[in-house]
Amino acid sequence: GAVVSQHPSRVICKSGTSVKIECRSLDFQATTMFWYRQFPKQSLMLMATSNEGSKATYEQGVEKDKFLINHASLTLSTLTVTSAHPEDSSFYICSARDAGGQETQYFGPGTRLLVL
Amino acid sequence: SQQGEEDPQALSIQEGENATMNCSYKTSINNLQWYRQNSGRGLVHLILIRSNEREKHSGRLRVTLDTSKKSSSLLITASRAADTASYFCATDEGDYKLSFGAGTTVTVRA
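Here the protein sequences come in this chain order: A and B. Residue 66 in the working numbering sits at position 66 of the first sequence, with consecutive numbering throughout. Residue 90 in the working numbering sits at position 90 of the second sequence, with consecutive numbering throughout.
Keep in mind the hints are simulated off the structure, nothing from the lab.
Straight line, CA to CA, 25 Å or less: simulated BS3-like cross-link-like pairs of lysine-lysine:
| no. | chain 1 | residue 1 | chain 2 | residue 2 |
| --- | --- | --- | --- | --- |
| 1 | B | K97 | A | K41 |
| 2 | B | K26 | A | K41 |
| 3 | B | K97 | B | K70 |
Go ahead and model the full structure; you've got the sequences and the hints to work with.
In structure tokens:
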């Protein structure tokens, strides 16, 4: 089956620093990737839709200057949390949709961010 | 935004028993999907049911969809300890963006 990887799996950083999270589709091309965040014991909330070669579309309430998304190729999207603060600590999960047009999304294993 | 509600929030059953969880949603959908998440891990896609389908099976999983009631159910038969996880429904309104329900935490006791 299709595989999506995320790197890093865990990151601890100091308040005020920026953190970049990578999402890669390993065996398929993904024109669209999605970024979610999940707080402990809660559901996933969609943050933004990342389209290859164009600007990301952000959900209401998500600051685009805070969460920078770049989708430079058909297999890679990055999420950069800029000037991270403790309230940004969360589990960030990406998903990718096969460019072949199938409805199924494939999820990465997630990245746990802890901002001290 | 989160559109689905799931019940129960938590479910504890004995190995071998069946587990049923329900999901309700608010808008028209293109399809509804069920995912499993083990603690602290990513999501595993279980099954997708389209709006024009009423029931779907995959192994020990059975999903129903009632678009008139805007609800879906997931049944896991003959549960195993390895089924212990959180289960989420997610709706796709046709733009491939998924709205997730709150999830049901299932614990299967050996």
